[in-house]
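Engineer: Put together the whole structure using the sequences plus the hints.
As you go down the protein sequences, you meet chains A and B in turn. First residue of the first sequence? That's 1 in the numbering used here, and the numbers climb one at a time after it. First residue of the second sequence? That's 1 in the numbering used here, and the numbers climb one at a time after it.
Hints in this document: simulated from the structure, not taken from any laboratory. There could be a bad hint or two in this list.
Far from chain A, some chain B residues (derived; all Cβ distances over 12 Å) [as the list claims (entries may be wrong)]: (1) M1; (2) E3; (3) R8; (4) G27; (5) A124; (6) V165; (7) R166; (8) E190; (9) G200; (10) S252; (11) A303; (12) A350.
The list that follows gives simulated cross-link-like pairs (lysine to aspartate or glutamate, DMTMM-like), each with its CA atoms no further than 25 Å apart [stated by the list, open to error]: (13) B:K122 with A:E206; (14) B:K146 with A:E206; (15) B:K146 with A:D64.
Even for Gly, the Cβ is constructed at its ideal location relative to N, Cα and C.
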Amino acid sequence: MRPGRRIREALTDLWLVGPGVAAMLALIFVPVALVAVLSFTDYQFGARSFRWVGLENYHRLFTDPIGRKAVTNTLLYVAIVIPFSMTLALLVALGLHRLAQTMPRLSGILQAAYFLPVAATLVAMAIAWQMLLHPSIGPVNAVLKQLGLPAPDWLSDRGLVLYTLAAIGIWQSVGYNMVLFLAGLAAIPRHLYEAAAVDGATRGWERFWTVTWPMLGPTTLFVAVITATNAFRVFETVATLTRGGPAFASDTLVYALYREGFVYFKAGYASAITMVFFVVMMVLTLAQFALIERRVHYR
Amino acid sequence: MIELRNVRRRFGRADVLHGISLTIAEGSFTSLLGPSGCGKSTTLRIMAGLDRPSAGQVLMGGRDVSELTPAERNVAMVFQSYALYPHLTVRQNIALPLAMRHMTRLERLPLLSGLMPSARRKRADIARRVEDVARMLGITDLLERKPGQLSGGQQQRAAVGRALVRDPALFLLDEPLSNLDAALRVQMREELTALHRRTGRSFVYVTHDQAEAMSMSDRVVVMMGGRIVQQGAPRTLYDEPASIEVARFIGSHRINLIEVRIENGRLVGPFAHLGVSGSGLPARAVLGLRPEHLRPARGGPVAARLEKAEYLGAETLLHLRLPDGARLRAVAPGSYVPPPEGDGVELEVAPGQAHLFESEGGQRLRVALQRAA
Numbered sequence: 001m002r003p004g005r006r007i008r009e010a011l012t013d014l015w016l017v018g019p020g021v022a023a024m025l026a027l028i029f030v031p032v033a034l035v036a037v038l039s040f041t042d043y044q045f046g047a048r049s050f051r052w053v054g055l056e057n058y059h060r061l062f063t064d065p066i067g068r069k070a071v072t073n074t075l076l077y078v079a080i081v082i083p084f085s086m087t088l089a090l091l092v093a094l095g096l097h098r099l100a101q102t103m104p105r106l107s108g109i110l111q112a113a114y115f116l117p118v119a120a121t122l123v124a125m126a127i128a129w130q131m132l133l134h135p136s137i138g139p140v141n142a143v144l145k146q147l148g149l150p151a152p153d154w155l156s157d158r159g160l161v162l163y164t165l166a167a168i169g170i171w172q173s174v175g176y177n178m179v180l181f182l183a184g185l186a187a188i189p190r191h192l193y194e195a196a197a198v199d200g201a202t203r204g205w206e207r208f209w210t211v212t213w214p215m216l217g218p219t220t221l222f223v224a225v226i227t228a229t230n231a232f233r234v235f236e237t238v239a240t241l242t243r244g245g246p247a248f249a250s251d252t253l254v255y256a257l258y259r260e261g262f263v264y265f266k267a268g269y270a271s272a273i274t275m276v277f278f279v280v281m282m283v284l285t286l287a288q289f290a291l292i293e294r295r296v297h298y299r
Numbered sequence: 001m002i003e004l005r006n007v008r009r010r011f012g013r014a015d016v017l018h019g020i021s022l023t024i025a026e027g028s029f030t031s032l033l034g035p036s037g038c039g040k041s042t043t044l045r046i047m048a049g050l051d052r053p054s055a056g057q058v059l060m061g062g063r064d065v066s067e068l069t070p071a072e073r074n075v076a077m078v079f080q081s082y083a084l085y086p087h088l089t090v091r092q093n094i095a096l097p098l099a100m101r102h103m104t105r106l107e108r109l110p111l112l113s114g115l116m117p118s119a120r121r122k123r124a125d126i127a128r129r130v131e132d133v134a135r136m137l138g139i140t141d142l143l144e145r146k147p148g149q150l151s152g153g154q155q156q157r158a159a160v161g162r163a164l165v166r167d168p169a170l171f172l173l174d175e176p177l178s179n180l181d182a183a184l185r186v187q188m189r190e191e192l193t194a195l196h197r198r199t200g201r202s203f204v205y206v207t208h209d210q211a212e213a214m215s216m217s218d219r220v221v222v223m224m225g226g227r228i229v230q231q232g233a234p235r236t237l238y239d240e241p242a243s244i245e246v247a248r249f250i251g252s253h254r255i256n257l258i259e260v261r262i263e264n265g266r267l268v269g270p271f272a273h274l275g276v277s278g279s280g281l282p283a284r285a286v287l288g289l290r291p292e293h294l295r296p297a298r299g300g301p302v303a304a305r306l307e308k309a310e311y312l313g314a315e316t317l318l319h320l321r322l323p324d325g326a327r328l329r330a331v332a333p334g335s336y337v338p339p340p341e342g343d344g345v346e347l348e349v350a351p352g353q354a355h356l357f358e359s360e361g362g363q364r365l366r367v368a369l370q371r372a373a
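Structural biologist: As C-alpha cells, this is what we get:
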C-alpha cells in the first residue's frame, strides 16, 4: 500500500529542506556550539587536556588591560566611523544625485571613483596608505611640512593611530554607503518635492527637512547597521599597518582574536572573544533584518 | 486670473507645447482635456510654476509671474498620486503649507516653538484652520492617521484639504480622480464641483476623461499634440466640434465617421437625403454622426443591416453595416426590440445633428446640412 498523501508530502519537505539543514548544523551550529564550549576552558591548540575555567576567559577579556583595550578600541573605532562615514556618504550622494540631473556622465564617473575603495582589496590599499602616511617620506607629511604644520607619526603615535585607522575605515566605507543613499534618493517620488514647492518649502534646506531626510529615514537606519557591522569587523588595516600596536593602542576585537588564537594558540581565550563578537554581530544582523522588513516604510 | 501668452516648452529636442495661449477666467472651472502626451500636464505645471516655459509669458492678475515660485503665486495643487508626506499624519500634512507660510524658521523648530508665545499663538490658529478644513471635507476622524493607513478616496480628500487650507488664488488639479474606482470617481466629481462653488476660486483641472471634463467644467480646453485644438463650453464642443479629432474625443459613444461624396449640393450614397448648402463645397468630405443621433425608425431614410445588438439596459447599441460595406453604430432606447441579426434596419438622422469635416486635415466644414428636397 502506498503511504498516505500527508506522509508523502512530509517526505518531500524533508528531502527539500533536509540537506540544507544538515549542512547548516554541521558547518555553523555545531562549530559555534563547540566554540561556546571551548570558551569555558583553558584549552590550548594541540594540548592533550584542558581544564574547565568557567567564565574566567570572559572575565579576563573585560578586566585585563589588554583585553579591555581591544574592546574599548573597537567601540571607539565604531563610534567614529559610523557618524563620519554616514554624513560624508549622504553629502556625496546628495551632490552626485543633483549632478546626475545636469551632467549624468560626470556623476557616473565620480560614483565609480567613490566606489573604488569598496571594490579594491583593503590589504592592497593599506600598502598605499602606508606609503602616503610614512612619517618621513610620505606625501601627506611632506605637504604638512610645506605648510609649516607639525608632521605626526600617523601609524606609530599611540594617541593617534586609532584615529588614523578610523579615517582609513571611513575612506573605505563612504563609497558603499553613498551607493545605498543614492538608491534611497532615487526612490523618493518627484511629486513630493513638487508638493513641497507648492506648500512653500522652497529653500534647499526646507526641502531637505520636509522631504529628503524623512524619506531617507529607513535607508539611513539600514546604512547605520551595515556600517556598524563592517566597522566591528575591522581587521585588515590593523593587521597590515599596525599589528595592534604600538603597545596595543590599535588593538581591536578581531585582531586580538587572531593574535590569541592563531599566534599564541590560546583556543579557550580566543573562543571567548569569538563569542562576544558573535553576540554583537547577531544583534546587528537581527536589527538589519528588522529594518529590511520595515523598508515598506511608514505603513 | 491666469493667462498664458504663446507659451512654448521644449524638452531637449522635443517640442511639447507649440505656443499655448489661454486665459482662465476668475472663478471658472476649466478643464484641460486631451489624450496622454498632449501637453496638458506640462501646461498645468507651467501655470503652477513647477516648470518654466522655454518661451512665452505667464501672467496672473495681469502681472508677469515667471520668476515667482509656486508658493509665491499662491496656487494650490492636487497631484494624481496625491503626494502626501508619508511620514506625517493627515493633520500635519494639511498644516504644513500654513506652517511654511506663516511661521518663521525659528518658530517651526519643534522644541523651541513651545517657548515662544508667537509660535504658540500661530500654532493654535493653524490647528483651528486645519479642523475647519477637515470638517468641511469630512475627514475629522482621520486627522491622526498617516497616509499609508488611508484608502484612495481618503487620501484624495486629505490632498484636497492640504490644497484648500491656505485659501489659494488658484486650484490646479492634475488628474486627481484617475486612481479611484469608478463609483468613487463619480462621487468625488460632485464633491469637487461643490467645493468649486463654495470657494468661488478658479479651478484648472487636467484630465484625459471627457466625461469628467464635460460634467464638471464650465469651460473645456481640448489639447492635442501640444496645441489647443478647441476651447469652449462643453455643449459647444459636443454640438460643434472643430475637427474630426475633437469629435472623436468628445462624447461617450464614439462618433461614426463616414467618407462621403458631395454632388449638386447633396450627399451621394446612403445619406442622400442630406443636402448641403454653402459656397466652395468640396467633392469629398467626412460625415460625422453620433450614434445617439441615429435612431431606428420605420420608414427612415437610411437603410442598414444589423450585425449585432448589445443590450445595455437603458439603451441598446446597434452595430450596423451600410450597403456599401461601411460600419455604423447607432443607439436605440432600451425598450427597442431589435430585429434578428442580419435583418435590415431603417434609421433616421436629424440634419442639425450631423457634422461635415474636410477629408484632408479633418477641419469642420462651415456648411449647413438640411433635409434635401
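Engineer: Next, verify each hint and record whether it holds.
Structural biologist: Hints, one by one, checked against the model:
no.	hint	result
1	M1	holds, 17 Å
2	E3	holds, 20 Å
3	R8	holds, 21 Å
4	G27	holds, 21 Å
5	A124	holds, 20 Å
6	V165	violated, 10 Å
7	R166	violated, 8 Å
8	E190	holds, 25 Å
9	G200	holds, 21 Å
10	S252	holds, 30 Å
11	A303	holds, 55 Å
12	A350	holds, 47 Å
13	B:K122 with A:E206	holds, 19 Å
14	B:K146 with A:E206	holds, 21 Å
15	B:K146 with A:D64	violated, 52 Å
When held up to the earlier numbered hints, the structure conflicts with 6, 7 and 15 and fits the remainder.
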